[in-house]
Amino acid sequence: MIGSIASILVDGLAYAMFLFIVSVGLSVTMGLMGFVNLAHGAFAMAGGYVVLTAMRYFGVPFIAALALTFFVIGAVSVVFERTLYARLYKAGELDQVLLTIGLAFMAIAGATYFFGPIPQHITMPDWLAGHIDIGLRTVPTYRAFLILIGFALVIALWYGFERTTLGAKIRAAVDNRRMAQSVGINVDLLFTLTFAVGSGLAALGGGLSIHLLGLTPTFALVYLVLFLLVVSVGGLGSVKGTLVAALVLGIFDTTGKYLYAEAGGFFIYAIAMAVLLIKPAGLYGRE
Amino acid sequence: MKRFHLASLAALALVMSSTAQAQTVKIGVMLPYSGVNADLGTQIDKAFDLYVKLHAKDIAPYKVELVKRDEGPPSGANAKTVATELITRDKVNILAGVVFSPSAIALAPVLTQAKMPMAIANAGTAWIPTLSPYIVRFSFSMWHPAYPMGEYAAKNLGCKTAAMGYTDFPPGKDSTEAFKTGFEKNGGKVIESIPMGNPAQVPDMTPFFTRVKDAKPDCFYVFIPSGSHASAVVKYYGEVGLKQAGIKLIGPMDVAPDNKLPAMGDAAIGTIVMGHYSKDLDNPANKEFVKAWEAEYGKNFIPDFMSAQGWDTMAAIFDTIKKLKGDFSDGEKVVDTLKNYKGNGPRGQVSIDPATRDIVQDEHAMEVYKKADGSLGLKVLGTVKQVKDQCKELKVGRCGGN
Amino acid sequence: MAESNTVRDDKAAASSLSGRGVDFLLNRHRFKPAEALPWILAIAVYFFLPDRLTFGSQVLIMVLFALSLDLILGYAGIVTLGHAAFFGLGAYTVGLLVIRAGWNEPISSLFAAAAVAALAGFVSGWVLLRYRGFTLLMLTLATAVLLMELGNLRSDITGGYDGLPGMVIAPLFGVFEYDLYGKTNYLYTLAVLFVVFMIVRRIVYSPFGEALTGIRENVRRMHAIGAPVHRHLVVAYTIAAAIAGVAGALNAQTNAYVTLGVFEFERSAAVMVILILGGTGRLYGAFVGAVIYMVLEDDLAKWSPEFWQFGVGLLLVVTVLFARRGLLGLFEDIGRYISKKRAS
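Taken in order, these protein sequences are the chains called L, S and F.
Here this note's numbering is used: position 119 in the first sequence is 119, and no number is missing along the way.
All you need for this note's numbering is the position in the second sequence, starting with 1, plus 1000.
All you need for this note's numbering is the position in the third sequence, starting with 1, plus 2000.
Pulled out of the complex, with its shape left as it was, chain L reads as follows (with noise of 0.2 Å):
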């Protein structure tokens, strides 16, 4: 029995760390820049080709090509954000899903394109690919893997926010735009900044999910509606909230569907609008 709950623990927070891990970015950029970003799922696909073309075609090693994903994707978003996410900073959130639904549709046609619709996949390092024993159990590694980016990416993200000049500017420009330009705060850079490290999550994301997902273009618009319930129960721009909300749904689905497996995906979409009716700025959202 305590084998079983342990056992149930360990999956649902190896779950909700890839959920957390997923829609960190998406919750950075729809929050501190307030706009909605359904593409986020497509910069999260791209990432995962990226790191699966560095590993197959130029035996990248797995750590390389996750941090190269991260700094390609983001630069690449760049160029995104200056030509086409720029000039609708001011217009409606219709717009703006406009656009990005639109730029998802043509990264999974593009994807199709270029690696056809066949679910594809990495061989993991020895290093990864085994158990370990944690004493009730042995976990998969690559889980504890997973678990442990969650948490480094936690600390580094508070770090960057909380306690860093360039932290506190984002933070001064999400609040008041006008009163950060006007001290001399370059918005317009730290906007593109905040979307390029938004994205460069997405792509972490991306290649750490090819793993536990198997990557199709179709992963763009998939896993979508999973992301945006995670950052609507955490609250829009808080990295606390998508932890906690991660962590609450991940585990309370694994739980629910190992104690009622017919229900499937009722748990957590029942959770989170049942966290979505007492609090609807979400668990850590400013009202």
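Check each hint, because a few of them may be wrong.
Claimed, not checked - Taking beta-carbon pairs under 8 Å as the criterion, some of the chain F residues facing chain L (in silico): (1) S2108; (2) Y2131; (3) E2149; (4) V2168; (5) V2312; (6) L2321.
Because the hints were derived from the structure by calculation, they are not lab data.
Keep in mind that this is a model prediction, so the values were computed, not measured.
We treat Cβ as the ideally placed atom computed from N, Cα and C, and that holds for glycine.
Starting from the structure of chain L, add chains S and F where the hints point.
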């Protein structure tokens, strides 16, 4: 004189054009070309193309023309419109394809209304052929692999108890019901039956597999659609530790299709599936098929059971063209010819049961093993000869004809 | 005589007050000749493209569905990603009536579907419309997904993802059979669309419609002047739900088939994209969006079954960049530009 000349020329042109029309059989192909399951469509599409390319000369002077259309989403929402337009606008003579069962169900009334024959190349919900007398199925019913798997697990694999896990949609329920029927008729007992979420959900199967581990069955029967979920099953089986606990992983061929094997890794070794095709099947027609496939598409694009189904579907249509001398004007005649089809394809000997218009084929129990070159392959353990759809034989539910 | 004088005086006073704006307000509910255009085109399709009527019916149903969304998104500013819930309820009302209750008369089924969807709209609207923006978006989305999960849990009733096959719909008015070319279905759908459109048009130009627009533009002010904001929103939501239910019912009837797919997120997202593409808050945006989106998708899918999504995506991106108010807004701008040129 001159006027006469013109008139006769016009008449000649008319005759020529009408014979040219009669000589070309238009085949309306409906497959998922875009969306989540586009890779399933590709497997069949490539088989169609390859067959036509290699055998076009066999049916001279008749020709075929493929009119390809996207079948639409798995919900079958576009299928009726697409089928109707293929019939009324493109004036096709026969329809072929369809991966998703809801598509086939949606378009069945159109076939009856238009007297349009259809050769189904996948869609496996058992009762589909009962929906229209113009449907002939060249793929399989969910019961084809699942029922013999139940028998085989109880008799040959020494399983006394089994757990079942399935994707929570009708094919999954069909497949597990068939397995359970076969298994319990032969003395086995199903102790757990776990729906593992609907096809659209994230395939994190860990909690379900953990539940199976706690139930400690001898065998674990899994059904998942042969898409991106396929390789996940084997991975979770290894990760959750079912393999180490000595629980055998068994299932229909969707759990270990040839084209997904390379991605599965060594965790897949020892998995036992029941199915009508593997790339490694030892028969002359299959050797020829795989050789031609690899010559055309390269070694990295691997044919699977869907490709074999596609190949046989097209072979049956070509056979019908020969028998009817290219005359597809009478839908009933076409169906009559199709439903008496017998042939040798990559799957070995296949035929259609004229009473049910469903396929009769061998089912092989196959084990995933590591070949000498390090790649994974499927080894035949035993064969159940010429299996009919047991759902219709046993008249289960809708298969009994409502 | 005196009366007409007052009218003229009023008009004169109005135009002297703020000129064209008031004139516009007084006259905008009148039918303009251009408004006949979509209907003439729809009838022309029947005569000149007889082999496209099955597809045509699907487009008309999408117009109706988008129209229902326009009422709440375009006029009341309610952003929802769960509109498929009502479409699905309407479709299932028809399906279950036929399969489980043996009731297959089409027109009474439409009313039943509208009633069921309206009830669901009323209840969910009453709870959910206290929320706005992103939260409302996610709440409506979750509602639709939960309905779908519920349907799958009771697949003994709904038929699950394989749906309810073998629905036989009684001939229209007991006379008109459904032919292979879809003629009956097309005219039936077109007639229903026309009737519903007239109702929606009337609502939009009524004081109630003005109140909705007021809520969209400035909800605080509407509260301040004592307008029952929540009640207005719930009423609009209920009406929109009923219309979406009718669209779903038509979809079930013309396809003679319904599956759980009717609740899919993709459908909610597609109708929103179509409406924004055509132009929100202007009734005919639904027509322009649905026709252009679906025809383009259909043509591209025939031309390139694998990569058609690229073209659709490109259309959306280009529209956002160059026609911010939707395609209809673009057409209006072009029209104004031409008439200005002609005037000068």
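These are the hints, each one checked on the structure:
1. Here the hint on S2108(F) is broken, as its CB sits about 34 Å from the closest CB of chain L, past 8 Å.
2. Hint status for Y2131(F) relative to chain L: holds, with the closest Cβ pair at about 5 Å, below 8 Å.
3. Checking E2149(F) against chain L: minimum C-beta separation of about 5 Å stays under 8 Å; hint holds.
4. Here the hint on V2168(F) is broken, as its CB sits about 31 Å from the closest CB of chain L, past 8 Å.
5. For the restraint placing V2312(F) at the interface with chain L, the shortest Cβ-Cβ distance is roughly 5 Å, inside the 8 Å limit, so the hint holds.
6. The criterion of a C-beta within 8 Å of any C-beta in chain L is met by L2321(F), whose closest approach is roughly 7 Å, and the hint holds.
Going through the hint list in order, the structure does not satisfy hints 1 and 4.
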